[in-house]
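J.: Sequence:
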Amino acid sequence: MEARLSEAAMKGSVDSLMKILQEEPLILDRTIVSCISETPLHTAAMLGHLHFVKELLTLKPELAAELDFHGAAPLHLAAAKGHAEVVRQLLLADPEICTVRNEDGRTPLHVAAFKGRAEVLSELGLVKPEATRVVTDRGETVLHLCVMQNRLEALRALVEEMGGDDGEIVNWKDSDGNTVLHIAVA
1096 MEARLSEAAM KGSVDSLMKI LQEEPLILDR TIVSCISETP LHTAAMLGHL
1146 HFVKELLTLK PELAAELDFH GAAPLHLAAA KGHAEVVRQL LLADPEICTV
1196 RNEDGRTPLH VAAFKGRAEV LSELGLVKPE ATRVVTDRGE TVLHLCVMQN
1246 RLEALRALVE EMGGDDGEIV NWKDSDGNTV LHIAVA
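Going by this note's numbering, the first residue of the sequence shown is number 1096, and it counts up by one from there.
Just so you know, these hints were derived from the structure itself, not from any lab.
Please read all numbers here as calculations on a predicted model, not as lab measurements.
Beta carbons are placed, not taken as given, at the ideal position from N, Cα and C, and that holds for glycine.
Where hints are given, some of them may not hold.
BS3-like, lysine-lysine: derived pairs with alpha carbons at most 30 Å apart [stated by the list, open to error]:
id: 1; residue 1: K1176; residue 2: K1149
id: 2; residue 1: K1114; residue 2: K1176
id: 3; residue 1: K1210; residue 2: K1223
id: 4; residue 1: K1210; residue 2: K1268
Label pairs and their in silico Cβ distance ranges [claimed, not checked]:
id: 5; residue 1: D1232; residue 2: C1130; range: 49 to 57 Å
id: 6; residue 1: D1271; residue 2: E1198; range: 20 to 28 Å
id: 7; residue 1: G1234; residue 2: T1153; range: 33 to 41 Å
id: 8; residue 1: P1156; residue 2: Q1117; range: 41 to 49 Å
With these hints in hand, go ahead and build the complete structure from the sequences.
T.: Right, dumping it as C-alpha coordinates:
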(Lines of atoms letter the chains of each structure in order from A and count residues from 1; the text may use other names and numbers.)
(Lines give C-alpha, C1' and ligand atoms only; values in the text may rest on other atoms or scores of the structure.)
Protein backbone atom coordinates (compact mmCIF):
# COMPACT_ATOMS: atom_id res chain seq x y z
CA MET A 1 0.00 0.00 0.00
CA GLU A 2 2.83 2.38 0.87
CA ALA A 3 4.32 1.81 -2.59
CA ARG A 4 1.02 2.85 -4.20
CA LEU A 5 0.92 5.96 -2.01
CA SER A 6 4.48 6.81 -2.98
CA GLU A 7 3.64 6.34 -6.66
CA ALA A 8 0.55 8.56 -6.32
CA ALA A 9 2.71 11.27 -4.73
CA MET A 10 5.29 11.00 -7.52
CA LYS A 11 2.57 11.40 -10.13
CA GLY A 12 0.66 14.00 -8.14
CA SER A 13 -2.50 11.95 -8.60
CA VAL A 14 -5.20 13.10 -6.19
CA ASP A 15 -7.56 10.47 -7.61
CA SER A 16 -5.14 7.69 -6.72
CA LEU A 17 -4.67 9.18 -3.26
CA MET A 18 -8.42 9.17 -2.65
CA LYS A 19 -8.74 5.54 -3.82
CA ILE A 20 -5.92 4.49 -1.51
CA LEU A 21 -7.55 6.32 1.40
CA GLN A 22 -10.86 4.56 0.74
CA GLU A 23 -9.11 1.20 0.95
CA GLU A 24 -6.81 2.16 3.81
CA PRO A 25 -8.17 5.15 5.80
CA LEU A 26 -5.27 5.18 8.28
CA ILE A 27 -2.40 5.10 5.79
CA LEU A 28 -1.46 8.77 6.33
CA ASP A 29 -1.48 8.28 10.09
CA ARG A 30 0.80 5.26 9.67
CA THR A 31 3.09 7.38 7.52
CA ILE A 32 3.46 9.83 10.39
CA VAL A 33 4.20 7.20 13.06
CA SER A 34 6.40 4.94 10.94
CA CYS A 35 10.13 5.30 10.49
CA ILE A 36 10.07 5.88 6.76
CA SER A 37 12.43 8.57 5.56
CA GLU A 38 10.02 10.54 3.38
CA THR A 39 6.32 11.19 3.55
CA PRO A 40 4.17 11.53 0.43
CA LEU A 41 4.14 15.26 1.20
CA HIS A 42 7.93 15.40 0.88
CA THR A 43 7.70 13.80 -2.56
CA ALA A 44 4.82 15.94 -3.79
CA ALA A 45 6.40 19.16 -2.43
CA MET A 46 9.72 18.40 -4.10
CA LEU A 47 8.02 17.68 -7.42
CA GLY A 48 5.72 20.70 -7.22
CA HIS A 49 2.42 18.79 -7.29
CA LEU A 50 0.31 21.62 -5.88
CA HIS A 51 -3.11 19.91 -5.90
CA PHE A 52 -1.72 16.78 -4.26
CA VAL A 53 0.00 18.92 -1.61
CA LYS A 54 -3.23 20.83 -0.92
CA GLU A 55 -5.18 17.59 -0.54
CA LEU A 56 -2.62 16.07 1.82
CA LEU A 57 -2.54 19.23 3.93
CA THR A 58 -6.33 19.26 4.10
CA LEU A 59 -6.37 15.66 5.27
CA LYS A 60 -3.29 15.74 7.54
CA PRO A 61 -1.83 19.21 8.10
CA GLU A 62 0.66 17.76 10.59
CA LEU A 63 2.52 16.17 7.66
CA ALA A 64 3.99 19.63 7.02
CA ALA A 65 6.11 19.29 10.17
CA GLU A 66 7.48 15.82 9.40
CA LEU A 67 11.22 15.66 8.75
CA ASP A 68 13.01 13.25 6.44
CA PHE A 69 16.26 11.46 7.32
CA HIS A 70 18.20 14.63 6.39
CA GLY A 71 16.15 16.67 8.83
CA ALA A 72 14.35 18.40 5.97
CA ALA A 73 10.70 19.32 6.12
CA PRO A 74 8.65 19.31 2.91
CA LEU A 75 9.14 23.10 2.96
CA HIS A 76 12.92 22.67 2.54
CA LEU A 77 12.35 20.60 -0.59
CA ALA A 78 9.76 22.90 -2.15
CA ALA A 79 11.97 25.92 -1.38
CA ALA A 80 15.02 24.26 -2.96
CA LYS A 81 13.10 23.50 -6.13
CA GLY A 82 11.49 26.96 -6.31
CA HIS A 83 7.86 25.81 -6.07
CA ALA A 84 6.44 29.07 -4.69
CA GLU A 85 2.77 27.99 -4.70
CA VAL A 86 3.63 24.80 -2.82
CA VAL A 87 5.70 26.86 -0.37
CA ARG A 88 2.67 29.12 0.18
CA GLN A 89 0.45 26.13 0.99
CA LEU A 90 2.98 24.61 3.38
CA LEU A 91 3.35 27.92 5.18
CA LEU A 92 -0.42 28.18 5.56
CA ALA A 93 -0.41 24.76 7.21
CA ASP A 94 2.44 25.57 9.60
CA PRO A 95 4.33 28.88 9.42
CA GLU A 96 6.73 27.79 12.18
CA ILE A 97 8.41 25.31 9.83
CA CYS A 98 10.09 28.30 8.24
CA THR A 99 12.70 28.24 11.01
CA VAL A 100 13.35 24.47 11.16
CA ARG A 101 16.97 23.56 10.39
CA ASN A 102 17.97 20.54 8.33
CA GLU A 103 21.06 18.43 9.08
CA ASP A 104 23.23 21.08 7.42
CA GLY A 105 21.86 23.70 9.82
CA ARG A 106 19.90 25.45 7.08
CA THR A 107 16.34 26.66 7.20
CA PRO A 108 14.07 26.63 4.12
CA LEU A 109 14.98 30.30 3.64
CA HIS A 110 18.69 29.43 3.59
CA VAL A 111 18.06 26.68 1.04
CA ALA A 112 16.05 29.05 -1.18
CA ALA A 113 18.79 31.70 -0.94
CA PHE A 114 21.51 29.19 -1.78
CA LYS A 115 19.53 28.04 -4.83
CA GLY A 116 18.57 31.57 -5.86
CA ARG A 117 14.80 31.06 -5.61
CA ALA A 118 13.76 34.73 -5.47
CA GLU A 119 9.98 34.16 -5.50
CA VAL A 120 10.25 31.63 -2.69
CA LEU A 121 12.41 34.01 -0.66
CA SER A 122 9.70 36.65 -0.94
CA GLU A 123 7.05 34.19 0.24
CA LEU A 124 9.09 33.03 3.20
CA GLY A 125 10.06 36.58 4.13
CA LEU A 126 6.45 37.74 4.07
CA VAL A 127 5.21 34.99 6.35
CA LYS A 128 8.15 34.97 8.77
CA PRO A 129 10.19 38.18 8.44
CA GLU A 130 12.31 37.17 11.44
CA ALA A 131 13.48 34.12 9.49
CA THR A 132 15.68 36.41 7.39
CA ARG A 133 17.80 36.98 10.51
CA VAL A 134 18.44 33.30 11.28
CA VAL A 135 22.03 32.31 10.56
CA THR A 136 23.43 28.94 9.53
CA ASP A 137 25.65 26.86 11.79
CA ARG A 138 28.59 28.67 10.15
CA GLY A 139 27.14 32.06 11.03
CA GLU A 140 26.07 32.84 7.46
CA THR A 141 23.03 34.98 6.77
CA VAL A 142 20.77 34.52 3.78
CA LEU A 143 22.63 37.44 2.21
CA HIS A 144 25.95 35.59 2.63
CA LEU A 145 24.47 32.56 0.86
CA CYS A 146 23.11 34.62 -2.05
CA VAL A 147 26.43 36.38 -2.59
CA MET A 148 28.49 33.18 -2.22
CA GLN A 149 26.41 31.53 -4.94
CA ASN A 150 26.18 34.67 -7.12
CA ARG A 151 22.37 34.71 -6.82
CA LEU A 152 21.87 38.40 -7.54
CA GLU A 153 18.14 38.25 -8.28
CA ALA A 154 17.55 36.44 -5.00
CA LEU A 155 19.75 38.97 -3.20
CA ARG A 156 17.72 41.80 -4.70
CA ALA A 157 14.45 40.15 -3.61
CA LEU A 158 15.76 39.73 -0.08
CA VAL A 159 16.98 43.30 0.22
CA GLU A 160 13.60 44.57 -1.02
CA GLU A 161 11.80 42.28 1.40
CA MET A 162 13.91 43.46 4.31
CA GLY A 163 13.12 47.08 3.49
CA GLY A 164 14.50 49.47 6.06
CA ASP A 165 16.89 47.06 7.72
CA ASP A 166 19.21 48.74 10.18
CA GLY A 167 22.34 47.39 8.52
CA GLU A 168 22.99 44.74 11.15
CA ILE A 169 22.38 41.84 8.78
CA VAL A 170 24.41 43.47 5.99
CA ASN A 171 27.38 43.88 8.32
CA TRP A 172 26.98 40.49 10.00
CA LYS A 173 30.20 38.46 10.10
CA ASP A 174 30.14 34.72 9.47
CA SER A 175 32.28 32.27 11.46
CA ASP A 176 35.30 33.24 9.33
CA GLY A 177 34.79 36.94 10.08
CA ASN A 178 33.49 37.77 6.59
CA THR A 179 30.67 40.17 5.87
CA VAL A 180 28.62 40.02 2.67
CA LEU A 181 30.91 42.66 1.19
CA HIS A 182 34.02 40.58 1.97
CA ILE A 183 32.50 37.64 0.13
CA ALA A 184 31.40 39.80 -2.81
CA VAL A 185 34.88 41.25 -3.23
CA ALA A 186 36.56 37.84 -2.93
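J.: Can you give the numbers of the hints that this structure goes against, from lowest to highest?
T.: Hints 5, 8 not satisfied by this model.
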